[in-house]
Structures are given as structure tokens and as C-alpha cells.
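These protein sequences, in sequence, are chains A and B.
The number in this note's numbering is simply the position in the first sequence, starting from 1, with 5 added.
The number in this note's numbering is simply the position in the second sequence, starting from 1, with 1255 added.
Hints are computed from structural coordinates only; laboratory data are not their basis.
Values in this document were obtained by computation on a predicted structure and should not be read as measured data.
In this text, a Cβ means the ideal position worked out from N, Cα and C, and glycines have one as well.
Heads up, none of these hints are tricks.
In silico lysine-lysine, DSBU-like type, Cα no more than 35 Å apart, as pairs: (1) B:K1393 to A:K44; (2) B:K1393 to A:K46; (3) A:K56 to B:K1501; (4) A:K425 to A:K46; (5) B:K1533 to B:K1393; (6) A:K274 to B:K1501.
On the chain B side, residues computed to face chain A include the following (Cβ under 7 Å): (7) L1257; (8) R1259; (9) R1351; (10) S1352; (11) N1355; (12) E1363; (13) G1367; (14) Y1513; (15) Y1565; (16) R1566.
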Amino acid sequence: MSGQRPDTFDEMIDAEGGVRAAYEGYRQWFDEQDPQGLKRKHQEAEAFFRKTGITFNVYGQDDAEERLIPFDPVPRIVTAQEWRRLSRGIEQRVRALNAFLHDLYHRQEIIKAGRVPEWLLRGNEAYLPHMSGFTPPGGVYTHITGIDLVRTGPNDFHVLEDNARTPSGVSYMLENRETMMAMFPELFTRVKVAPVSNYPRRLARSLAACAPPACEGRPVVAVLTPGIYNSAYYEHSFLADQMGAELVEASDLRVIGGRVQMRTTRGFKPVDVLYRRVDDDYLDPLTFRADSMLGVPGIMDVYRAGGITIANAPGTGIADDKALYSFMPEIVEFYTGEKPLLPNVETYRCMEEDALKYVLDNIADLVVKEVHGSGGYGMLIGPTSSKREIARFTEKLKANPHNYIAQPTLSLSTVPILTKKGLAPRHVDLRPFVLMSPNGIEITPGGLTRVALKSGSLVVNSSQGGGTKDSWVLEE
Amino acid sequence: MLGRSANAVFWMFRYLERAENLARLLDTGFRMALTRDHLTAEEEWRSVIETAGMRDSYQEQHGTYAGIQVWNHILRDRNNFNSIRSLIGAVRTNARSARNVITSEVWEAVNGSYLQLNDLLARPVNQSGLADAINTVKRESTLVRGAIYGSMLRNDIYNFARIGSFIERADNTARILDVKYYVLLPSLSYVGSSLDNVQWETILRSLGAERAYRWLNAGQLDARGIADFLILDGRFPRSLAFCYSKIRSNLQSLALQYGEEVHAHEVMRNADLKLQDKNIDLVIDKGLHEFLSDFIACNNDIARAVETDYRFTD
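Isolated chain A, as found in the complex (with noise of 0.2 Å):
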């Protein structure tokens, strides 16, 4: 248990050394494996991932262009009463998200009733004014939300983050439960878990009943990739394969008669549904980033027209805004006239006067993000950080205080980990994928379990050195 604070919450074992009920099924199993086998079968599973393609991209970093994220093939697991609370509270939270944003990009009724400040909008690159007064197909802003979640007790869920442009990890949901099920067959024979499988259907059929007025027949949906060499790309081509969709780069697409359409080999054919995985910025250089070549010129004037569905809806980003992150209690009780089922981190604007002042003070107990800043990158944790790391930090932080928000560092939950030496607990987080349509919300049972795998390290992200887990949800 070292570097780990004696308060942690262990899913597994609880404080008096036994096996909490999520685990028995799995324990007992456990206990009856040959320890060596268990090795030869993590081994074979890394053979199984490099073999099938499942690699991820790590920006900055020549010598390996193609990663495999690592696995532990140790489950993750919640009873099914503990994942129907769960599963409430995010389905308030997409809810609200949702009708916040359709309020901010039409009559902004929580703005003029005070619960959020006007200056969140003013400036902010994630909101679009290109937004304003339209409504996407179906009313739907955000098809696909990745909820980040942090357990700290029993009953202690918090949301970390709000992922709602264009949430990543998914593949992984499935291709982990798809390697476990190889791996150990009569492990599921045993224990009765929740299947992730149909979650592409699920999003196929989400997608398309999202389908713009212009649509006639069986919408036609595609997944617009920025390519091959993009750091998601296994995961834009699985998805794809999955549902049986097309897979689009920018240079398939043209804007013809008022519809998107790509260039087949026999002719061009119009998109209803666009499943993008390229930032609102890149999305159309006629009215973003001119120099984007991973866009489609035009696609905006489209989408306004009624020509197509672009999902998630360009301006979703200012949901998941981290600065806007703190007002997301306000948010959630403002739309739904309830209390927030999941609480927030605890959040510090240093924007504000005090707050700033109370970071200054505490930085070396506190995580200080970027507001804009994703994928672990431009933060700081400060029980885990040098004295030069905090001082270099510090000066960013005075220099620009509206670029960052502090959270107190908390104790995460660990589950173990299959180490040489036996299990050992790592802090994780969970990220279970919300799918909406004018249908209703569907979210599947689990997520990603993302597991850091360095003893008491807090940092999930893959991109620095974060694993993933099979995540289960047990069945009654």
C-alpha cells in the first residue's frame, strides 16, 4: 500500500480485510487460478490487442507510432444496485446538459435568472454563436456524452469531468469485455455480468433516429475521421465496422445541391447522419479554422439548412468547459428541478479573487487544471509535484488565473491490479457512455475503467502511462 493515503476506498476489500460483495464471485474464482497461468493469459492478451490493431497514438513521441494502451485483466465491478443509482444520476446529468444547451444557444433563461454569469460565454471559444436560435435534429446536442466519474466511499460517486464533444474510449469498453470473454470463459459462466456488446447497434440506431429533415429512407450514417494517422483511429474504424457505417475523411466529402455527400464509387451520395471525431474548430473552414483540411467547406450552411445531423452538435464544448464544470450543480437543479443525484468535485475559480488566493495558499494539496486543457496535459497535482514544479506552476497560475480551476486531490478509489507479485490496488476512475436520442437516453452498464498503474500515481490518462480494466456490472 505504498504512497497511499490511509482514508482510500477500496472496491475490493474492505476495512477489515474481507471481499466486498461486488468481488466474492469474481474472489473466489480468483483464488482457484494458478498464479502462473493468470501471467501466461495477461501475456497472451497483450499478443491478442498488437494483433488485432487496438493501438493508440501518443502525440509527441517518434519512436512508437502505434501504442497499445496497457490492460489488467483484473474486472472492475459494481452490484447492479449500486450501478441503478449510478445510472439515475447520469441520466439527470445528460438531461440537463442537454436543455442547458439548448437554452444557452436560444433564450438563455438561466443567464437571466442569475444561476450562471454572463462572462462564461463572453470570449469563450467552445461557445459558437453560429449556434444561436438553431435547433439541432431532434433537439439533440449532445448523442454521445463520456461521464468521468471518481469513487471515494460506498456510496460516493463524483463527476470529475463532463465529456461532451467527442468522448474517446468506447472501443476499448468493448474490445476489453471481448478479450476477458476469451481470455476466461468460465469466469462469465460463473459470474453473470452485463454485455457492452450491443452497444454499437445501439448507437447506430441512436444516430439515425437523429436523422435531419432532409433525409429520405434509411438515414445513411457516417464516421468522419481526421485518418490513419490520428491518435483515436482504431477506435473511428471499429465503430464504423460496427455499425456498418461509412468511414469519412474530409476529402470524401463535398457539399453538392444543399447535402453533404461522398464520393462513392459510383457517384456521389448524400450523409443524413455525421458521427464526427474531429473538433468543432476543424469542422468547416468557410466558418472556422480557414486552414483546416479535416473539415468540409460548407457543412455549417448544410446543417442549418436541415441538409444533415452533425453529432455531437458543433458548440457542445461549452458543456464540458471546465470553468463552467463548478456551476454545474446550478445547472442540474435549474433544468430538472431536482437536486443533482451525482455531486461535483469540490471547484476553485481562480478566476475569482478568494479562490485564487485560497489555491496561492493550499497548492500543494490541491490539482490545478487548465480550463481548456485535456488529456492530463497542463495540470499540476500538488502532493505528487516538486517544489520547482509548484513554483513554475505558480507563476503560470498568477499570470493567468482565468486559464485555471483547483480541485482538492481526492482520495480516489483503488481496485487492484495483477502485478508479478499478486494483486495490488491502483486508483481509478470510471467513464460509463451515454447515448441520446429524441428516443430517450440509453447508457450501457460499465464504461472504461481507466487504472493508473503506478503504485499511488492518481493520473488515469492513457497518454501518460494509464491502463484500462474490463468494467462490470453484475447482473441480479
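Given chain A, put chain B in place with the hints provided.
Relative to the frame of chain A, chain B by itself:
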């Protein structure tokens, strides 16, 4: 399907076929060199480079034709766009780009081959490792072909893959014949010369045709028979006639699926005319070299027509 995906599948299979053909060519060169004295061996290796169409890239780096230099240039030189290592990389890049139109069986076969060959060719290959490298290329190529045969729908995607394979194969057979056409000419060869026998064997071997030919001809070699077999015999899977019958039927399947013919079908019919009703005497009388040059140009025309008519690029 997307034009870009058709392009990727087409080139994926062209490059795969090219890699396999190179492996066969290396195999032949190696065998020949082993049975020769030092000087003739160099001449054999020079001829291999020539046949592979790598004279320029090779001469940029090497002055002599030592075997080990030649096979490493063909097998693994990264500066050589057509080295087997470069080709297998290009096969995989195209497969990744077409990932959602090929089955996971095909993708895993390609990716597995890439990982294995990349590892095998990471270090220079010496004489004792050459046979293994050659066999691995041939085996992996067979695996990918088996995967597409056993797992892909017979639709446009499959047809573009097959057209790519057979365009490349026809080109390869025609080029090998063209480099050595003179040894097959009756006026320059006289039956029974041991040198010609060896040269004829080289041609057959580098097209994997030596056993089939012997089996059909009770072990007798003759120049005319060999030319006939490699150009016109529709039973042999690397003959020009066989490749054309395949391209033709794959183009027909495309017309059937799409409900219309395109210009490429016209080009194919014209190319067919040049092979139809030919017998080998006619070909040789008119000039083998001219015939082969014309064939290579026609074959390119078919490929270009397919690429254009099916909108491979913008």
C-alpha cells in the same frame, strides 16, 4: 462503397501480390547463384535487380551485385519504396485505411503478417536466414489471400481486391518474360543447350510454374512451350490468359452489382481481343518483345480505367 476505400483495397492487394512476386524472384536468384561460380552469380543477381525494376534505387547505393546486398535491398531497404518491407508496410497502411470494409479476419491476417515480417526484417538478413524470410513472405501472403477468400462478401469490395491482385500479377508475369524474352526466341536458342535450359528454368521458377509445367509436359522443356504456357494457358494461375479471365469476370461482377458498365469494360474487351485466338507461333512471329510491351501498356490502361471510372480519387 467509398472511392477512397476501393482505392485502398485495390492497392493493398497490388502491393501484397508484388511482395509475394519479389519473394519468388529472390528465391530463384538465390538458387541460381548457389549453383554458379562467383562471377556468374553476380550476373544472376544483377538480373534479379533488373527484373525487379530496381536498377536505379540499387545503383544509388551499391556498385557491385553481391548477393547479400541484393537480397537485403529487395527484402528490407527502407529507401527502396518497392522493398518487401516497404510494401508490407503499404499493405497495412491501406488495410488500416480500408479497415471498415474488410473483415476482421483479413485485417488480422494483414496486421499479423506485418508484425511478423517487420520483426524478421528489422536486422540484415544473412544467407542462412534468407530462405526463412522468403518462405515467411509467401506464407503470409497466402494467409491474407485465404482470409479474403474465406470471409469476404462477394461484392464490389471483393472485386476491387481481386482486380488489384490480377492486374499486378499479369504485370509481373509479363515483365519477367520481357526481361528474358530473348532466351525464349527460337532463332537465338538451340535445343539442348544447358545454358538455355537453366535460363528457362529460371523463368519458370520465378513464376512458380516449374512443377506445373513439368507435370504437363512430362519433364520436357522447350522455349515455345514455355512461352505458350506462361502467356496463353488458362489453367496456370499466373499466366496472362488466366489473369485476364479473372479481371474480366471481376469486372463483370461489378457491372452486375452496379447495374451498368463503365469505360473500363470497353478497355478490357479491347485488351481481350489481343489475347483471343492467339497461338504462340503468331505471337513469336509478330515479335515477343513487342507483344509483351503492348500487353504491359494495355494492362496499365485497364488499371487506370478502373481507378478513374470508379472514382478512386477526387
